[in-house]
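Asker: Here is how the chains run, residue by residue.
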Amino acid sequence: GNSVTQMEGPVTLSEEAFLTINCTYTATGYPSLFWYVQYPGEGLQLLLKATKADDKGSNKGFEATYRKETTSFHLEKGSVQVSDSAVYFCAIKVGGGNKLTFGTGTQLKVEL
Amino acid sequence: DTAVSQTPKYLVTQMGNDKSIKCEQNLGHDTMYWYKQDSKKFLKIMFSYNNKELIINETVPNRFSPKSPDKAHLNLHINSLELGDSAVYFCASSQGEERIYGYTFGSGTRLTVV
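Heads up: the sequence lines are chains A and B, in that order.
Note that this note's numbering has the first sequence beginning at 7, numbered continuously upward.
Note that this note's numbering has the second sequence beginning at 3, numbered continuously upward.
In case anyone wonders, no lab produced these hints; they're calculated from the structure.
Given the structure is predicted, the values throughout are model-derived calculations rather than measurements.
Don't be surprised by glycine CBs; every beta carbon is placed ideally from N, CA and C.
Take these hints with a grain of salt, some might be off.
Cβ pair distances, simulated, as ranges [unchecked claim]:
#1 Pro16/A <-> Lys54/B: 18 to 28 Å
#2 Lys54/B <-> Glu22/A: 46 to 56 Å
#3 Thr114/B <-> Pro16/A: 41 to 51 Å
#4 Glu22/A <-> Asp20/B: 42 to 52 Å
#5 Gly35/A <-> Lys69/B: 27 to 37 Å
#6 Thr9/B <-> Gln51/A: 11 to 21 Å
#7 Thr77/A <-> Glu60/B: 17 to 27 Å
#8 Gly67/A <-> Gly86/B: 36 to 46 Å
#9 Gly15/A <-> Tyr12/B: 22 to 32 Å
#10 Val14/B <-> Pro16/A: 39 to 49 Å
#11 Ser9/A <-> Arg65/B: 44 to 54 Å
To give an idea of the chain B side of the interface with chain A (calculated C-beta under 10 Å), a few residues [said to hold, decoys possible]:
#12 Val6
#13 Leu45
#14 Ile47
#15 Ser109
Not close to chain B: a few residues of chain A, all C-beta gaps over 10 Å, as computed [stated by the list, open to error]:
#16 Thr34
#17 Lys66
#18 Gln113
Given these sequences and hints, build the entire structure.
Answerer: What follows is the structure, given as structure tokens:
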């Protein structure tokens, strides 16, 4: 089956620190990869995506590169802000099906 | 505003009761979903409808019954509520190229069973 593994949180960083949240996946086919973000009290929002190997998704200073050889899609940001505090979910979708499979989420806390 | 909207936002109820959560999207999407998020933030798909037709039905107790009167609405009815049903329930929708656009989520319904 399909599954997503994320690093456990919470991750606590100081403002302007470098962020990496690891995500690896197993899939029965060739997946599309997504990062979603959930701010406190809100629903999930699509942060970025990549649909084929070596694609780099980017948005709001966040980046992730589709690494087929390592089945990974790690999320990075060069300088985090307090406003980035949220839960981040890695997700995959395989083939023509509609189902997104999510990782367990990683909570990020950014402090001044 | 174009969005996925859920009601109610909060729902507190006693064990054994029956309750419904409503979801509407005005994005013109063909597919709608219900996800359950537990206390550890783990998200698990429950159901998916495409043009009013059930296409995904994960292992969910049959006390949970989705209803889609039209492609813009997907309601969730829960019978005989149990303590373990306490969670945040998210509705979502998508259209066609999900691999490109992903899902649009509602803001969630926090269900507390006491």
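Asker: Now look at each hint and say whether the structure bears it out.
Answerer: Checked hints:
1. Pro16/A <-> Lys54/B: 18 to 28 Å: violated, 41 Å
2. Lys54/B <-> Glu22/A: 46 to 56 Å: Holds, since Lys54/B and Glu22/A (Cβ atoms, about 50 Å apart) stay within the stated range.
3. Thr114/B <-> Pro16/A: 41 to 51 Å: violated, 23 Å
4. Glu22/A <-> Asp20/B: 42 to 52 Å: Because 51 Å falls inside the window, the suggested range holds.
5. Gly35/A <-> Lys69/B: 27 to 37 Å: holds, 31 Å
6. Thr9/B <-> Gln51/A: 11 to 21 Å: For Gln51/A against Thr9/B, whose Cβ atoms are near 20 Å apart, the range 11 to 21 Å holds.
7. Thr77/A <-> Glu60/B: 17 to 27 Å: At 24 Å between Cβs, range holds.
8. Gly67/A <-> Gly86/B: 36 to 46 Å: With a Cβ separation near 39 Å, Gly67/A and Gly86/B satisfy 36 to 46 Å, so the hint holds.
9. Gly15/A <-> Tyr12/B: 22 to 32 Å: holds, 25 Å
10. Val14/B <-> Pro16/A: 39 to 49 Å: Once the Cβ atoms are compared, 27 Å apart, the range 39 to 49 Å for Pro16/A and Val14/B is violated.
11. Ser9/A <-> Arg65/B: 44 to 54 Å: Violated, at about 27 Å.
12. Val6: With Cβ-Cβ at 8 Å, under 10 Å, it holds.
13. Leu45: Status holds, d = 4 Å.
14. Ile47: This interface hint holds because 6 Å falls under the 10 Å limit.
15. Ser109: Since the shortest Cβ distance to chain A is 4 Å, the answer is holds.
16. Thr34: Given that every Cβ of chain B is farther than 10 Å from that of Thr34/A, nearest at about 15 Å, it holds.
17. Lys66: Since the minimum Cβ distance to chain B is about 15 Å, Lys66/A lies beyond 10 Å and the statement holds.
18. Gln113: violated, 7 Å
In this structure, the hints that do not hold are numbers 1, 3, 10, 11 and 18, in rising order.
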